[in-house]
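Throw the hints in and build the complete structure from the sequences for me.
Here are the chains, one letter per residue:
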Amino acid sequence: MKMTFLLVLTACLQASAGANAQKISLSEQNASLQSVLNKIERQSGYFFVYRNEWLKDANKVSFNIKDAPIKQALDACFSNQPLTYTIINKNIIIRQKPLPPPQTPAEESEVSRPPLTGSVTDSASGSPLEGVTIQVKGTATGTTTDAEGRFSLEVPDNAVLVISYLGYTQRQIRVNGKKVLSIALAPATTGLDQLVVVGYGTQKKKDIIGAVSIVNTDDLKSAPSSNVVAQLQGRAPGVTVSSSGDPGSSAIVRIRGFSSFGNNSPLYIIDGTPTTNVSSLNPEDIESMQVLKDASSASIYGARAANGVIIITTKHGKANKTTITFNSYVGVEQIPYSRIPKMLNTPELVQYLSQSSDDSYIDPVFGKKGSFTIPDMYVVSNAFRGGVSADDPRADPDLYTISDYYNIYQIFKTSQGTDWFRAMSQKSVIQSHELSASGGTDRSTYFLGLNYFNQDGVFKYTGYNRYSARMNAEFTLTSYLKIGENMQVSYGNRKGDPTINGETSAWANAYRSSPFVPVHDIKGGWGGSLIGGTAFGSNPVAQLYRRKDWTNKTLGAFGNIYAEVKFLKGLTGRASLGIDAASQTVFQPSRKQYEQAERQTYTQLTEGATSHFNWTWTNTLNYQKTINNQDINILLGTEAIKNTGRGISAFERGYDYETTNFLTLNTGLPQTLGDIGASNPVTGTSTLYSYFARADYAFKSKYLVNATFRRDGSSVFGADVRYGNFPSFGVGWVLSEENFMKDINWINELKLRGGWGEMGSISNVPGINQYSTFSSTPKNNFYDISGANTSTTQGYGVSTEGNEKTKWETTATTNIGIDALVYDHWNISVDVYRKNTKGLLVPSLRNGLEPLVSKPLINLGTMRNTGIDIQVGTQGKFTSDLKYDISLTFTHYKNELTKLNDQNTPLYLAAGRLNNVLLTTKGQPVSSFYGYVIDGFYNNQQDVDKGPTINDMPVQIGSWRFKDLDGDGNITPADETVLGSPHPDFQAGLNIGLTYKHFDFTTFLFWNYGNQIFNYTKFFTYMGVLNGGVAKGKLYDAWTPETASSAKTPRLGVGLDNGYTSFVTGNPNSFYVENGSYLRMKNLQIGYTFPQVIVSKLKFSNLRLYLQAENLFLITKYTGADPDMSLISGDGTDQSLGVDYSGYPHTKAFLAGINISF
Amino acid sequence: MKNIHIKIIAICTSFCVLGVISCKKDFLDQAPQGVYAETELLNKQGIDGMLINAYAGLDGNVNAGLGSIGMSLGPDNWVYGSIAAGEAYKGGVNFGDQSELNTIMQWAVPPSNPEIEGKWNSLFDGIGRANQVLKDLPLVKDPGLSPKERTQIKAEARFIRAFQYFQAKEVFGNVPWVDETVTDYKIPNTDATGAYVNIWPNIEADLRFAYDSLDVVKDNVGRANKWAAAAYLAKAYLFQQKYDSAKKLFDIIISQGTNNQGQQYALLPNFKDNFRIATQNGPEAIFEVQMALDASGTNGFMDALLTYPNGIAGGTNSWFFRPSQDIVNSFRTDGNGLPMPDTYNNEDVTSFENIPDASPFTPYQGNLDPRLDWTVGRRGIPYLDWGMMTGVAFTAPPGESIQNGGPYCGKKQVFSMAEYKAGLATKVSWYFGSALNYVTMRYSDLLLMAAECEVEVGSMDQARAYVNKVRTRAANSPVKNLDGTANAANYKVGLYTTPWASKDAALKAVHFERKLELAEEGHRFFDLVRWGIADAFINDEYLPRARANRPSLFPSGVQFNKGKDEYMPIPIYTITQSEKDGKATIKQNPGY
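Chains W and Z are the protein sequences, given in the same order.
Heads up, the first sequence is in my numbering, so the first residue is 1 and it goes up one at a time.
Heads up, the second sequence is in my numbering, so the first residue is 1 and it goes up one at a time.
Incorrect hints may have been included.
[Claimed, not checked] Pair ranges (Cβ atoms, derived):
hint	chain 1	residue 1	chain 2	residue 2	range
1	W	L399	Z	T279	40 to 50 Å
2	W	F1113	Z	G591	53 to 63 Å
3	W	T401	Z	G591	51 to 61 Å
[Said to hold, decoys possible] No more than 30 Å apart at the CA atoms, straight line, and that leaves these computed lysine-lysine pairs for DSSO-like:
hint	chain 1	residue 1	chain 2	residue 2
4	Z	K218	W	K779
5	W	K855	W	K805
6	Z	K580	W	K838
7	W	K369	W	K318
8	W	K779	Z	K421
9	W	K855	Z	K154
10	Z	K186	W	K922
[Unchecked claim] Sample of chain Z residues facing chain W (criterion: CB under 7 Å; computed from the structure):
hint	residue
11	A108
12	N220
13	N281
Simulated from the structure, these hints should not be mistaken for laboratory data.
Where a beta carbon is used, it is the ideal one built from N, C-alpha and C, also for glycine.
Set out below in structure tokens:
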């Protein structure tokens, strides 16, 4: 609505701008300048460009003209004003007249000087800057530049000019008697004086020693997403990101590899308050975002810093600058169907069946082998299941019933090939609307933002919406006391089936459903898996439909209040109290299913609620002093954090109605056995108490030294070991400031940095780790000792073994970096690092003779990450109208587990129904793929005789031959080996921005190279264990004696002719492991910014429209739906990475958006 | 000046407040929630709860095995005792379903097989639960716990430990002994000379203590009593071929033994009553694992959950544990109603294989032992009270053929319609839970073990009397047709009326009777091994026919390897974890 209105308005105004008028007739007496200008605008068709506040001080005007040229009218208006004007085309630019020279002491004004003249330009583009303030330092003397960027000013020879302009770095220039000055201002975003938010404070960019990636938040926000971290992919070197395309789901972020194999999520600090979840944050509220990657920058966060720290600062108002912005986009998303693996249609399925069934096989739908036919209809009932012709009495629609779930009679039109993927998905709308206001006075500033985000899922009956409101304010109460707050309240709701991974997800069921089954029967009931060959796949559309009322609602408040006291000059104290509170409710009615082989015959409602309340109390004392050429900055602080949480979850079964309104936990039918249950997911309480300090020292801004120290105490460790110390230090050398570098013209700036430090990781230790505990759960500990049959007696069993000696994982990081600005506009930043984790928390392994208790984590392992982060940026212009801004990020890490445990026993994890798929062991990166290597086929009897055998069992012609790695002529577990790694060799992001006049063009390309993916979906589509859908490749690439040389998959057949032996279907092998490299155009955007003249006419300060395409193309050899898998974990730990359990495909999206500010 | 005051106050305030927090030491002490500390349980209620926990370990339903439900881990040993003995095929949707079980069916189990690891873990978890009771019992100072109660708790815990160890001996053979005193679990299963340790004396000691200490009558039917301990002690003697000791004890039990409600041991009138909920824990029960359909739904007969047929309770199920043609043929009887241990396989009991459900089918017309039709579901015979067993509809997954599992389904572990309707069985999630107990030892089992001892060291006539007692009950247990008017098949069960000609003939008859009486109850493989005839039976009698019948399950090369396949391999994980100074303290079983 809002957007449409603005568009119409814009169109109307543009029309009026074209109106034809030249001569002006006016008669005015003591009229306000504003009103006169309005009249001139109307008569002339010219536009005025000015700032409102200037006109407030304008004098009244009186004149009388008739049919005069416009210049005469303007001269009349401005003759007695502190303002002047310039006509450019049809625009009239109004400027303030230069201020009159100030009263200066007689001694200094003895000699009248010719004025200093000069021009101010943008250092990057070279274009003139209008309105730049030029002031003589220490005086009120000053002026502003005109439209050509020129100025003139009378100044003493020894004056120092302060040149400032919003959005640019302030410069000070000594006049030194010069009469003409050419001044270039650098945009603040690239300026070295830019203040960067770092741990517990800010630092000038030029003084930073640590490895800090400053994320361009405009780029981040250019892509539509509810979650800003998903957009980090490729935007910051050293940061690897994977995300599923699921609405409302979070993204996986890893900074510089893996420092443990539990949780490696970074710590997020939003306005000083820590959190692990940023999904409720509105991306538009973000002012800046920094990624702290090494010890020099991050170890001030001590025990929580080892996985990197992402610091987010939200927007604040600026004094005397009121801005209202409206940002909005609407778009359509869809699944890239061309990427979906191809499945057999019904005629192909019949062909497949004739090759894979024995001669006596009778298919209930297609009939007897040898005369398979696809019937018009088929029937599913208790009495008869099978194919029939349309005129068969069993296909009589009157027999149809689904009212009794135990005794259904369904009649189907046999499908020639249902495309389950299309059937379950939809084009969906994504939209976001954001309105914010900011501003303030000298004593207070504010920022208010409202956001509505809505994303319908590309899977039917799913979606996510979120409302959020932010209120940030700061008040300067006295000269020494400032208070403020940052607060966001958000409400989000995920609707529909949240299962995005694994064999019971709707997407997996699309693979697992048979092509001849239609979505609906002849009367609209659901097609399902109660007949021939369909086994257990459930109709994915029905699954999504039955779960359409599922909700997962989160109401959260996040923010802090703070006070800042200036005790003495340079000594500031700050106290901040932050909260992170949220409550989440889950409502999941699970409805009866009649159409499934493993059907559910009751209605169940599961409801749950959890809440958490975390507070962080931070007190810091900061002392800043400049002595001669030495800058000293010292920070001392304490921090206390308490996280508390509690939850409940319950279900009930047996409802006589399935309507959502009826379903509550107490409206189920009178309870029968096993139909009600409750659990209490306690999340518990944990606390952290810390002291920390930082000292920065800079000599002549040339030699930089920094040291930090933090001591953390945590409740999750035993009393004797709960404190840990985390020091770091770093040095920096700005070479370009040295005399010997001054002659090298092509180097503008050059800084070498180095740092070492230790950081800890706490997120992998459950609070219970130090305690030996007993539990009392029905399944494990209860027994029907009295023979009651319907009830059990409570028992107590050991559930966890504690270890009081478990302590921090410590990661020592060494980082060496270089920052350079060369050839005036090439920014290059390179960091190389080594991270050694010691005391890696690994599960202590249960001895085979011990009872099955949860063993504690112990500090046994060591892990190493090495890597390089590169960022290159350049901006400039090809012609005066065509400008570019290009940046490239490159991320490489190498992860290696250097010790796992004393016995060197590897950790194996299953993937779905396959065992020992994932291996974590010494000498390999965490979570490597493991299994047998396919080494061709047994093509004939000689091959079979030659072997190898499999577990001493004979092998089949046409089956895969596996590599006999130990050469014993027999395939055993000893022949399993590492098949690949989910870790990419590198990831690179290329952002290209071009502007041509008012048009801008941005594209973002992301390249992921060198990892493998374990494509578990092939278990569904090839192995036949669960039946259902069959991949085209299983039929067309199958081994036959004729195609032996080109075949890719085993022979189709029965018994001894079946190449899919139980060994093939039951074990992981190299067939599943695929190349995971890909290149994706993630974003393409074309925008048009309306010229200032039009915008001002509309009383806007900015108006931009854009069109955008997301994920326009993808180049990859991966055969699954989407290769963005490398960090997606099957079980939530980082030991199970890179397995595609039927991943949610990233969608293509097309959007249109508008940005307006007032 | 005023400002300076405020500043000083501000500084003091903020740092005092900080001081409060840092001084408050217990800020960093946060105890876990929702769990018990050991000290809270060192009292009468706590120690009995630990004993209940030890009983709860009997069903094998622990966090291990299939989908952490614990299928194939329980004492019913349908995989290790029955499938490995040729009583049944693995079944499942198809051959690939739970493929790890195939290697057990084919006697080619690698030490890395996760199923055996699950079984091992379940057993040693059970042993650990019993040890926890024994370890904590002396620490309980609760005056409410009388010395007598103390003894009962100790004796029950030792019985449970012996029970778990008995299974460990049967399945894995050479296991080390772990008791309540252990702190370092790296215990070898060999002695100083490298020979495997013999833990039978330890098992005997536990059972002897339980036999000597336990009361006869217990207040809960689920608890082991004196005679249950005696029966297992006698069985332990039998497994060591200590026939004399065994016979003496069996004699005492047969004359004096009662169940834990004080009822004299006796056979139930009808064979089927051993497999019905209403009649469980009766006078035939020596020890049963109690199953319950409690509110959690997880204490039912979990081991059976994948073995139910289609066609009952509206569910389609997973079709595992499918009776073999060999076991079905075994129930054929001759003109005298006697079994035919040498010739039972000369003719197959007819099955509906290759006959569609819609086509007419005549069940086998020859003489049969009615126990067949309480053991195996076959077409044309009523399936408990669920109606007629109709063929593929009961035995094949939708759209699958019966190639993999064969034309039969099991019965002994399956709940009846009446039980289902009474709420003693229900669909819990995707699976059924039922309150049907698993009977680990019943009186007929004991009589047949006693008969073995009589043949070996006593009176063959007494042995024959025991066998005839079991057969008499069998003869009185016909399955009726649907309307209850007549027997469902030609049942003919006769008694051994003439003395057995030789010890060999007597043993053959006793062994075969055991096969029939306990078919599909998870005992036979251990019996075959104990009798030393596992290779002869499997390789010569069973496999050739099974291979012809179901070629895809038993390709050439599948065979029983004498000297190796008597026991499962010790799981590779156990061996790796036993390493001490780089050397494994657990020695793998021979042949692996």
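Results of checking the hints against the structure:
1. W:L399 to Z:T279: 40 to 50 Å: The hinted range 40 to 50 Å holds for W:L399 and Z:T279, with Cβ atoms some 42 Å apart.
2. W:F1113 to Z:G591: 53 to 63 Å: holds, 59 Å
3. W:T401 to Z:G591: 51 to 61 Å: Roughly 59 Å apart at Cβ, these two residues keep to the hinted range, so it holds.
4. Z:K218 to W:K779: Holds, at roughly 24 Å.
5. W:K855 to W:K805: holds, 13 Å
6. Z:K580 to W:K838: Holds. Z:K580 to W:K838 sits at ~24 Å (cutoff 30 Å).
7. W:K369 to W:K318: Roughly 79 Å between the alpha carbons, so the hint for W:K369 and W:K318 is violated.
8. W:K779 to Z:K421: holds, 24 Å
9. W:K855 to Z:K154: Holds, because 27 Å separates the two Cα atoms, which is no more than 30 Å.
10. Z:K186 to W:K922: The hint holds at about 23 Å.
11. A108: With a minimum Cβ separation of about 6 Å from chain W (threshold 7 Å), the hint on Z:A108 holds.
12. N220: Cβ of Z:N220 sits 5 Å from chain W, so the hint holds.
13. N281: It holds, given that the least Cβ distance between Z:N281 and chain W is near 5 Å, below 7 Å.
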